[in-house]
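> Chains A and B supply the protein sequences, listed in that same order. The first sequence begins at 411 in my numbering and counts up one residue at a time. The second sequence begins at 411 in my numbering and counts up one residue at a time.
Fair warning: there could be bad hints in the mix.
Repeated chains share a single entry, so a pair holds when one copy, or any two copies, can fit it.
[To be verified] Pairs of lysine-lysine residues, derived as BS3-like cross-links and limited to a Cα-Cα distance of at most 27 Å, are as follows:
id	residue 1	residue 2
1	Lys607	Lys526
2	Lys643	Lys437
3	Lys460	Lys554
4	Lys512	Lys595
5	Lys595	Lys526
6	Lys437	Lys460
7	Lys607	Lys502
No lab work stands behind these hints: they were computed from the structure.
Below are the chains, spelled out letter by letter.
Protein chains: 2
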Amino acid sequence: MVAEIICVGTELLLGDILNGNAQFLAKELASLGIPHYYQTVVGDNPERIKQVLQIAVGRSQLLLFTGGLGPTPDDLTVETIADFFGVPLIEKPEIIADIEQKFALRGRTMSPSNRKQALIPETADILPNRSGSAPGIIWQPIPKVTVMTFPGVPAEMHLMWRETAVPYLKNGGWCSATIFSRTLKFWGIAESALAEKVESFLHLTNPTVAPYANHGQVKLRISARADSEAAAKKLIEPIEQQLQQITGLDCYGADTDTLPSTVGNLLLLAGETLSVAESCTGGGLGAMLTSVPGSSSYFWGGIISYDNRVKESLLGVNPQDLAEFGAVSEQVAKQMAAGVRARLNTDWGLSITGIAGPGGGTDAKPVGLVYVGLAGPDGVTESFEYRFGDARGRDWIRHLSSCTALDRLRRQLLLVKA
Amino acid sequence: MVAEIICVGTELLLGDILNGNAQFLAKELASLGIPHYYQTVVGDNPERIKQVLQIAVGRSQLLLFTGGLGPTPDDLTVETIADFFGVPLIEKPEIIADIEQKFALRGRTMSPSNRKQALIPETADILPNRSGSAPGIIWQPIPKVTVMTFPGVPAEMHLMWRETAVPYLKNGGWCSATIFSRTLKFWGIAESALAEKVESFLHLTNPTVAPYANHGQVKLRISARADSEAAAKKLIEPIEQQLQQITGLDCYGADTDTLPSTVGNLLLLAGETLSVAESCTGGGLGAMLTSVPGSSSYFWGGIISYDNRVKESLLGVNPQDLAEFGAVSEQVAKQMAAGVRARLNTDWGLSITGIAGPGGGTDAKPVGLVYVGLAGPDGVTESFEYRFGDARGRDWIRHLSSCTALDRLRRQLLLVKA
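In isolation and in its complexed conformation, chain A is listed as follows (with noise of 0.2 Å):
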């Protein structure tokens, strides 16, 4: 049995609004194990509702509508889909007192209009809405279909799928088996160099493993399907060690780990601490890795030294250095590291000087070069020279640079550790 996902409104045709619905949906149905192949998007369009319902009746068994519910003349969803199954609509008078209350609740009279909303297909049972006034309708039409409709706000959607439509579907026997993931995260290396390494367990049916990549990450999710959470991770755990096996130090983490995290833990564990100096990236690894939750344990600050004159102040960098080898250049990037490394008393300092651009390149320093510079509790420093090209501008420069540069330090702290 196929579900197919269904998102009625103009908005999400005209891209005012995110289809968070479909993903939210999406989500539930693969955690319930009910497989779904198809999501669309149509608008508030009574003839169009209908082509797409005469192509998902023919192709999935259970419709999940989302959207079009709402009081105001384009809200169709429900009608249309009532027409075209050609069953009538009733007023329920369940719904309008219901309605009706939530109104007086609020110190406010129902509208005329709301009446709209208590019109159900005579057939159809309601899906309560607890939080709002549009209720859904739980209805088989015909043989092997059954239709769902949910209002378009979120929380209100979020709410009736839980209390309702997940108990009705479990009891129905929907949901054959639980797909559960896991997804390996990656630095360090490209997509297809690491498809390349883990080819053979691309091949895999359950659980399967499929790489992907966002904001310069590549990630590995690997995916079972079993009767029980605890069934799938059983599948997943054997796979999942012989892919850290092999790709070795380039796998940081999993799941809602990220480089930042990872990082913390690996400074909370060896009881060291680090402070940061900032030029191209501005203050946004510092904000990276204070974006974990308790990292002042380990992270106690930094200096953005945008301007040469803090470069030299607060961070000692010899003025000599700056005019010979210019603040992008591998000496400047050392010292901003052991200057606030000494400056703040920490056990790391890590730097970060480059060209974000879009001006200020040159041929022999182009756009998205960029120095990261290290030193450690040893006393020594080091630095690392990274080319990340122009094409996709500043931010995405800075990103790669921040990201890198908590990398990098991962990669020392391991070292240390081995």
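Based on the hints, put chain B in the right spot on chain A.
Then chain B, alone, in the frame of chain A:
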């Protein structure tokens, strides 16, 4: 002529990611005046992609595909489309050369799996991808049907859309009327309050005025439909002027303006400089300021004083005040602002100290309590208290803190100017 958006990717069916690509393309199509009535999401499955194609060619003339162009075996979009139309794929040497060069620039070698990305239908044109490896195609496989493919990576897709697809569509006569929009941006006023202030404008038909809110800021979009961009702009201009008059200081800019770019422009005008001292934002305020190219003209840097020792040693915050009033207090916010201004020798010093949570809150100082300190060229230092609540979490509190600090400085700069 009608477009249709088809997003390919099992990760969308699993709910792993939000379909931002559909929203992006929907918005762009609306602004070009190209109607579209359907959006479809389908997994990386050749049979189902073909079914979706079959439906789409029957109802739309411009098919925009996103996703499934990667180097891994589950990326099947282009070969499936070619197969559907019965046209063989050929390897384009110019694509291989381009991918090889991109890898070389980053000091890497192209993987054999990337060769797959050079395969495109014999009769299709390349839609170049300047920032990633996978190119798209522009292809008219049969009369009255044009197919374009884009990678799923948003940054690559956006660039390809703007650089190649939009000019192609404009030259090809796809864009019937022009819809031109201008968006006014606000900080420090709620969406409902703004909507009430401009209520009479919300009923206009051309241009239309619509309020919306995201990331804590409120916007008013003025959209006009006309034969040309110039004619649309003429319709917008008087409405914009009236709206600005009504909303006054709460409107900080329009379109591509951001709070940091507006603040930057005001500082440039005044010929003044700025430094920041950050506690709970950990560098986020500096990162925001330096998101603006050229910000080095007025932003010199800052001190991330996440730990109290840094507040004392680098910002000169009085240890007794820290002990008596706490790090999150009016007194400390003021001393941080004055301290960084003095230390970095700038005209303005802007500071943030607060409780971002989830832990660390008390009854007297709950999560979401934030102080902004502002030290000005006149030697006066002020402090402002905000209570953002804890309902939307740590990232949200940190984001609001940085924006609010910038808005505070913006209002101060406007006051001084007036």
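> For every hint, state whether the structure bears it out.
How the hints compare with the structure:
For the homomeric pair Lys607 and Lys526, the shortest alpha-carbon distance between copies (17 Å) is at most 27 Å, but the shortest distance inside one copy (56 Å) is not. In this assembly of identical chains, Lys643 and Lys437 lie within 27 Å of each other by CA distance solely inside one copy; the values are 17 Å within and 41 Å between copies. In this assembly of identical chains, the alpha carbons of Lys460 and Lys554 lie at most 27 Å apart whether taken from the same copy (18 Å) or from different copies (25 Å). Taking the shortest alpha-carbon separations for Lys512 and Lys595, only the inter-copy value of 23 Å comes in at or below 27 Å, while the best intra-copy value is 38 Å.
With identical chains, the CA atoms of Lys595 and Lys526 are at most 27 Å apart between copies only, with a shortest distance of 24 Å across copies and 45 Å within one. Taking the shortest Cα distances, Lys437 and Lys460 sit within 27 Å of each other both inside one copy (26 Å) and across copies (24 Å). For the homomeric pair Lys607 and Lys502, the shortest alpha-carbon distance between copies (26 Å) is at most 27 Å, but the shortest distance inside one copy (58 Å) is not.
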